[in-house]
Amino acid sequence: QKEVEQDPGPLSVPEGAIVSLNCTYSNSAFQYFMWYRQYSRKGPELLMYTYSSGNKEDGRFTAQVDKSSKYISLFIRDSQPSDSATYLCAMSLYNFNKFYFGSGTKLNVKP
Amino acid sequence: GAVVSQHPSRVICKSGTSVKIECRSLDFQATTMFWYRQFPKQSLMLMATSNEGSKATYEQGVEKDKFLINHASLTLSTLTVTSAHPEDSSFYICSPLKDTEAFFGQGTRLTVV
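Residue numbers (my numbering), protein chains in the order written: chain D, 1 to 111; chain S, 1 to 113.
Extracted from the complex, chain D is given alone in its bound form (with noise of 0.2 angstroms):
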């Protein structure tokens, strides 16, 4: 079983819609939980970082975390076509001597 899992897609919505794109992960030690978009043939952008359960919200993203449920997610309101990415989930331990990451999600936005 991978430590992270998440559904590669490809997810293609309208312009406008909200998305959703979610990762599990085994590891309860996993503390630190992160969301990156990576553009074609560009490395990952860092889009939000949390720790511990709850919601962060910055702008038209929305990152939540339930620890209770080892799953994680990320909120792309009014979603628009430079959204277009694969967006990657990454996580931690204490101590960030390794980041575990998703595959990936690919997301397309239609105009």
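Hints are computed from structural coordinates only; laboratory data are not their basis. Glycine included, C-beta positions come from ideal geometry on N, C-alpha and C. Among the clues, some could well be false.
One side only, chain D facing chain S, incomplete, derived with CB under 7 angstroms [said to hold, decoys possible]: (1) Tyr39; (2) Pro44; (3) Tyr49; (4) Tyr94; (5) Phe99; (6) Ser103.
Calculated lysine-lysine pairs in the PhoX-like style (CA-CA distance at most 20 angstroms, straight line) [claimed, not checked]: (7) S:Lys66 to S:Lys55; (8) S:Lys14 to S:Lys98; (9) S:Lys20 to S:Lys64; (10) D:Lys106 to S:Lys66; (11) S:Lys55 to D:Lys42; (12) D:Lys56 to D:Lys67; (13) S:Lys64 to D:Lys2; (14) D:Lys2 to D:Lys98; (15) S:Lys98 to D:Lys98; (16) S:Lys55 to S:Lys20; (17) D:Lys67 to D:Lys2; (18) S:Lys66 to S:Lys20; (19) D:Lys70 to D:Lys2; (20) D:Lys70 to D:Lys56; (21) S:Lys20 to D:Lys98; (22) S:Lys66 to D:Lys42; (23) D:Lys106 to D:Lys42; (24) D:Lys98 to S:Lys64; (25) D:Lys42 to D:Lys70.
With chain D fixed as given, assemble chain S onto it according to the hints.
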């Protein structure tokens, strides 16, 4: 945020030659640097972790003599692919750690012909 500069962005080399990839953190100091390899439509595969001034720790299955990592300063790390072969063709990405956040370089597309 943080500014990370990785270059070259793209390189083509002949089989048997060596290629050096540089990664610089321009506005912060990184005591830890991660190097990843990414195959098409796949996630990031950690190759090694390096801490400034000490030898890199390689993941299982990664040849340390083939992928030489040098973390000479808090702002510069290099990955050298030695005696490159076509199967080394891939996308290589550096990731310096700033406090508790991992940032990424733009990646280097290596093609070995």
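Here's how the hints hold up against the structure:
| no. | hint | result |
| --- | --- | --- |
| 1 | Tyr39 | violated (10 angstroms) |
| 2 | Pro44 | holds (5 angstroms) |
| 3 | Tyr49 | holds (6 angstroms) |
| 4 | Tyr94 | violated (9 angstroms) |
| 5 | Phe99 | holds (6 angstroms) |
| 6 | Ser103 | holds (4 angstroms) |
| 7 | S:Lys66 to S:Lys55 | holds (15 angstroms) |
| 8 | S:Lys14 to S:Lys98 | violated (35 angstroms) |
| 9 | S:Lys20 to S:Lys64 | holds (14 angstroms) |
| 10 | D:Lys106 to S:Lys66 | violated (32 angstroms) |
| 11 | S:Lys55 to D:Lys42 | violated (28 angstroms) |
| 12 | D:Lys56 to D:Lys67 | holds (14 angstroms) |
| 13 | S:Lys64 to D:Lys2 | violated (25 angstroms) |
| 14 | D:Lys2 to D:Lys98 | holds (15 angstroms) |
| 15 | S:Lys98 to D:Lys98 | holds (13 angstroms) |
| 16 | S:Lys55 to S:Lys20 | holds (17 angstroms) |
| 17 | D:Lys67 to D:Lys2 | holds (17 angstroms) |
| 18 | S:Lys66 to S:Lys20 | holds (12 angstroms) |
| 19 | D:Lys70 to D:Lys2 | holds (13 angstroms) |
| 20 | D:Lys70 to D:Lys56 | holds (17 angstroms) |
| 21 | S:Lys20 to D:Lys98 | violated (24 angstroms) |
| 22 | S:Lys66 to D:Lys42 | violated (24 angstroms) |
| 23 | D:Lys106 to D:Lys42 | holds (14 angstroms) |
| 24 | D:Lys98 to S:Lys64 | holds (18 angstroms) |
| 25 | D:Lys42 to D:Lys70 | violated (29 angstroms) |
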